[in-house]
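Which chain is which? The protein sequence lines are A and B, in order. The first sequence begins at 1 in my numbering and counts up by one. The second sequence begins at 1 in my numbering and counts up by one.
Quick caveat, the hints were computed from the structure, so don't treat them as lab data. The beta-carbon is built from N, C-alpha and C at its ideal position, and this holds for glycine as well. Hints may contain errors.
[Said to hold, decoys possible] Quick list of in silico lysine-lysine cross-link-like pairs, BS3-like style, CA-CA up to 30 Å:
#1 B:K30 / A:K80
#2 B:K34 / A:K262
#3 B:K34 / A:K150
#4 A:K195 / A:K64
#5 A:K64 / B:K30
#6 A:K61 / B:K34
#7 A:K4 / B:K30
#8 A:K136 / B:K30
#9 A:K83 / B:K34
#10 B:K34 / A:K33
#11 A:K47 / B:K30
#12 B:K34 / A:K4
#13 A:K108 / A:K61
#14 B:K34 / A:K136
#15 B:K34 / A:K195
#16 A:K33 / B:K30
#17 A:K221 / B:K34
#18 A:K108 / B:K30
[Said to hold, decoys possible] To give an idea of the interface, some chain B residues facing chain A are shown, with a C-beta separation under 8 Å as derived from the structure:
#19 R2
#20 A3
#21 A7
#22 L11
#23 L13
#24 A14
#25 A16
#26 L21
#27 T22
#28 K30
#29 T31
#30 K34
#31 L37
#32 T38
#33 H43
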Amino acid sequence: MRRKASLVLLALAVFCTALSPLVRWYAFPRLAKIPASHYQTMVLEAKPATLLDYGTMRAKKVDKVTIVQTLKGNVEESEKIEKRVGRDVVVWDGLSYVQGPDGKMVSKIPERYIFDAHTQEPVHAAGEMVDGDRVKRAGIEFKWPFLTEKRDYEYFDAQARITAPIHYKGTQNFRGVEVYYFEQTIPWTKVSMPKTMPVEGITPESVAETGTTRWYSTVRKFWVEPVTGAPVYGEEIHKEELRGGTLLGGRDRVTAFAGHVKMREDYIRSTVDLVSSQRTLVMLLTSYLPWGFLGLGAALLTLSLVLEARGRRPGDPAPAGQRDPAPEPEPVNV
Amino acid sequence: MRALIAAATGLALALALVLALTAVGSPPGKTSPKPLLTTVPAHP
């Protein structure tokens, strides 16, 4: 009976011990994924801000500029691309909608971001764009990979349509969550006019005819929870200028927008809550289950060996297959 | 010999379980009917 029990325990011990690396290195990359149907909104505010008055073409101080950012997972498109590339893909249709203090639209930039559901690497497919312009992203955008490392990453800037390093600047505690702080500086860069302008009758083409160009600079800051790779907080010191051309009435440059953009307080709280709960799920696959199974496997193996040893008390006859062979009969002389 | 069979059984079961779980995966869900926002939401 003890022998049977020790064999069952041995099987369970091997089962648990084998599950430990299988969960961490086989199941985790296949199960920890951004859901294709993910929908998320974010509200950021710049208080106060500088905004261009298109009536006078002069910059003016305003109390607040609000940026509403929506990311919407497009399941149908992701399934189409998955069939072609043979891996799980997420397609995010996004919109950055900027609203002035009077509630009127300042700009709206749509984009489509396609990426690997686990590694966060960009996937290139038809439809990948920023404000209607086809782009080929390199690096990450919006989110870091699971198990973010303490190193610089390449981050895609949708305004400038370029990829530049975002530097790891240290580990901090943000509202009880351990986070990695990243910072990226985009120096003054000439960028294209938004396809949708805030004033009716003005188009990117009509502005281009005046010779006026748009320039942009930003310092982007992210506080990233490293297990999930999700930013729990973000800020941006954002500046835009119109330069040259006849539109500015002889002036060299005019500020189109300037402000220190920060996440709204209620969104910070909800993001921290969401990320904390997701962190537990990821930890389950990367740490809790692998270590738990390993410990359980070791305990079961010990128990199995103890039972086996007790089953073989000294003086017990050895099992049939292990008995010494009977001695050869010696010839007898008569 | 019986110990070897027991260990192999445990290993096979672990492999089968993980392969089955990863093969099933998670359902893709549906595209949210919610719009891309052009108004400021009152709360998350």
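Which earlier hints turn out false for this structure, listed by number in ascending order?
-> Numbers 3, 5, 6, 7, 11, 12 and 25 - these are the hints that the structure violates, sorted from lowest upward.
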